[in-house]
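Protein chains: 4
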Amino acid sequence: MYQDLKERVLNANLKLPEYGLVTLTWGNVSEIDRKQGVVAIKPSGVEYDAMTVNDIVLVDLDGYIIDGKLNPSSDTATHLELYKSFPQLGGIVHTHSHNATVWAQAESDIPALGTTHADYFYGDIPCTRLLSPTEISTEYEKNTGLVIIEEFQRRDIDPIAVPSVIVAGHGPFSWGKSGLDAVHNAVVLEEVASMAIATRSINNGVHIKKELSDKHYLRKHGVNAYYGQR
Amino acid sequence: MYQDLKERVLNANLKLPEYGLVTLTWGNVSEIDRKQGVVAIKPSGVEYDAMTVNDIVLVDLDGYIIDGKLNPSSDTATHLELYKSFPQLGGIVHTHSHNATVWAQAESDIPALGTTHADYFYGDIPCTRLLSPTEISTEYEKNTGLVIIEEFQRRDIDPIAVPSVIVAGHGPFSWGKSGLDAVHNAVVLEEVASMAIATRSINNGVHIKKELSDKHYLRKHGVNAYYGQR
Amino acid sequence: MYQDLKERVLNANLKLPEYGLVTLTWGNVSEIDRKQGVVAIKPSGVEYDAMTVNDIVLVDLDGYIIDGKLNPSSDTATHLELYKSFPQLGGIVHTHSHNATVWAQAESDIPALGTTHADYFYGDIPCTRLLSPTEISTEYEKNTGLVIIEEFQRRDIDPIAVPSVIVAGHGPFSWGKSGLDAVHNAVVLEEVASMAIATRSINNGVHIKKELSDKHYLRKHGVNAYYGQR
Amino acid sequence: MYQDLKERVLNANLKLPEYGLVTLTWGNVSEIDRKQGVVAIKPSGVEYDAMTVNDIVLVDLDGYIIDGKLNPSSDTATHLELYKSFPQLGGIVHTHSHNATVWAQAESDIPALGTTHADYFYGDIPCTRLLSPTEISTEYEKNTGLVIIEEFQRRDIDPIAVPSVIVAGHGPFSWGKSGLDAVHNAVVLEEVASMAIATRSINNGVHIKKELSDKHYLRKHGVNAYYGQR
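Here the protein sequences line up with chains A, B, C and D, keeping their order. Read in order, the letters of the first sequence correspond to residues 1 to 230 in full-length UniProt numbering. Read in order, the letters of the second sequence correspond to residues 1 to 230 in full-length UniProt numbering. Read in order, the letters of the third sequence correspond to residues 1 to 230 in full-length UniProt numbering. Read in order, the letters of the fourth sequence correspond to residues 1 to 230 in full-length UniProt numbering.
This is chain A alone, in the form it adopts within the complex (with noise of 0.2 Å):
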């Protein structure tokens, strides 16, 4: 019983060290079954070499413990805010990949500079603003949630346009339809993160242009896309 899922979620999180995008134990990734309302996530502190899919831990969407020995992701709360805000979500992952993890440091949206950007974000990847000290003592994984969906909200973003949002002064979360198709996100995040400080470190005041930008999401996402194969 929920035996894939939990199997597509360690997969999907033993995709992070592949792809270069987690240090030691950090990062995780989940995957909800929307279905039945129960979220698969990562294990706290687990190394990966020695992650099975027993380790993995199903909860609930209140967060309680249906299956597994180990405590969850101390991120979990965050990802199950984001699950129920954003419904359209199939998995989500957070890392603290190096460069998206500069911008968060930086307090600074991830400005779209090119057609990389374009093609899987439309538009600036958003920073959200720093969690006051009373979001932080109480409920702060929950908070941390919060304030991204306030963010996407108060700047009227589709989550699915652009699938990833980097949390002040923290680092970033990515999501899609799966936990693999988040990993995937993240990792173009952490590309269009890295080259976006060295464009800026060549030519400070350029962006891409609107049309540019509509053309490259729209060929690839859009109702009439024609890239890849369908």
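Just to be clear, a hint being listed does not mean it is correct.
One copy or two, either will do: identical chains are not told apart, so a pair holds if it fits within one copy or between any two.
[Claimed, not checked] Straight-line Cα separation of at most 30 Å, DSSO-like style, residue types lysine-lysine; simulated pairs:
(1) K142 with K69
(2) K84 with K15
(3) K209 with K69
(4) K209 with K220
(5) K84 with K35
(6) K142 with K209
(7) K142 with K177
(8) K210 with K69
Note that these hints are calculated values from the structure, not bench results. If you're wondering where the values come from, they're calculated on a predicted model, not measured in any experiment.
Could you slot chains B, C and D onto chain A? The hints should help.
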């Protein structure tokens, strides 16, 4: 029939991840059989790990599919314009390789700053102008080719002497005698792009002198070249 | 006798090239047996590929060799001073890891800029003052230890809460409960050092807020810690 | 005959891709048999994967080929000038390694900024002047050697104490007791070049103090050296 061409194109495409020039499925290599007017090119959005020789698509110079079950790369029309206007080209590669893309995003030529550059590129590597909204909305990929050709003609650059270009806001194209030769030029482009970013961070005004650039280019590619084995 | 200690020290040393923290033979790890007052440490200038458990040198806290045919690391005296003044330390590592050394060369603290840093280090990572000409000319390695201790005492920093230091003009030392734990802290030091360089290149004035730093450090290391498995 | 010399030179050349110092076929190592006046050197433009001991070319100090079917490296004349003027040299390596080449392109010395540098190089690593148009057009590779020698003589630098140079607009040469020792110095050069770029981006005015530089150089290379095994 065309089995050799397809195998060469497959192998040249597989060099892209090997040389670290691509993330996920990005990038594509083509090669042309000039006698038959047939171009072999990577299919769109297919994983490198799973690609086989039968996935390679054959098209004619008008873009009609001659052979293959998959859609050709969405950038095929760009390749075809370049083959039609630059009859010396045998192979073309498009990537979003990190540092060359940074210069494209910065909307700046890659300046010739040393002999590493001069060994392969006779002068700065040009950055095209941005496409107009009309050029983007209609036949975008074909117009990408046309704007490259316009840039080489406007500056009177021989595409054999400067076998790469960066498209503003987008990324690089490289070419050569074959698909594999184009990939080699893409490797060098990426390296000189990377060194140019760091060089300008130390000494912003520097540029290679014409005599030194000439010497290195011509000892390798001139009529009296003496580099390598002959 | 001390065979386990020597094997642990060998294995911790071999982690240095595995984690990309050393070039050639640079870097050294030690671990102490507090009951016996015995320190096991890497020999000086030996290649990692060729190192065996019998090459590990045992010294007492005065630096006298108890066991081993090779010279101990030239940095042994620094390790010994730290063990004597900081009784909580079980293992120490010195490297010239790239980004931490960059901050040492810049003669600057590594500022705490995000939660990645705060998860492991409670505040900025201090940079020592430069040693005086006299401190350099006489008992240089011992004085390197003393200047580290002086810095922690002057700023009233608990070496367990900030398990790394950078020595001005030289490079980093990290420590922990064991040699392997020290190496883990050196891995994190290198990553936060790298992210701090890039962060400051985008937003020079930024710094993590105290509430967020406290939260992350304490959820992992405080009395009510809930990160990981317990 | 000279089989040992050729094998040592082959192995030293194969270390270049292993240490990440070369792209494609760039770079070359030579070693000299001082008694016989014979230099073994890499052939020009040959792939490292395919290189065998029989491809290594033997030349005398006037550049005449003694043994070998392939053309020697196009940089052979530079190596020969260095061997003739610096009788202490046993091996020489030329690369276009990334960060050392960046400093060459910036036409700037690599400043000594820390003990990593001081452990191997006694002071700044000099950048030559640019060659004149006449020096470029006639016997360019020989003149590259002469301009290096001029720089060491002008500044009164002992080539054993500073076993590397960067040629303005071009790239680095390193040397040592053997080809392999030269490669080791090229590895260190690349690392200190890289750290110097990042250090100067944080603290532009910094430089290592002479006392600290002396201490590290002399504890490793001085008459009373105590680093390593003796």
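**Message:** Please sort K84 with K15 into within, between, both or neither, judging by C-alpha distance up to 30 Å.
**Reply:** Within one copy only: 25 Å inside, 42 Å across.
**Asked** Given a CA cutoff of 30 Å, do K209 and K69 count as a within-copy pair, a between-copy pair, both, or neither?
**Response** Intra 51 Å, inter 35 Å, cutoff 30 Å: neither.
**Message:** My question is about K210 and K69: at a cut-off of 30 Å on alpha-carbon distance, are they close within one copy, between copies, both, or neither?
**Reply:** For K210 and K69, the Cα distance exceeds 30 Å both inside one copy (49 Å) and across copies (34 Å).
**Prompt:** What label fits K142 with K69 when the C-alpha limit is 30 Å: within, between, both, or neither?
**Reply:** within (22 Å within a copy, 48 Å between copies)
**Prompt:** Checking K84 and K35: alpha-carbon separation at most 30 Å within a copy, between copies, both or neither?
**Reply:** Within one copy only: 13 Å inside a chain, 54 Å across chains, cut-off 30 Å.
**Asked** Which holds for K142 with K177 at a C-alpha limit of 30 Å: within a copy, between copies, both or neither?
**Response** within (22 Å within a copy, 32 Å between copies)
**Message:** For K209 and K220, with the copy left unspecified, which applies at a CA distance of at most 30 Å: within, between, both, or neither?
**Reply:** within (17 Å within a copy, 40 Å between copies)
**Intra- versus inter-subunit Cα pairing at 30 Å for K142 with K209** = between (36 Å within a copy, 19 Å between copies)
The structure does not agree with the numbered hints 3, 8 stated previously, though it agrees with the rest.
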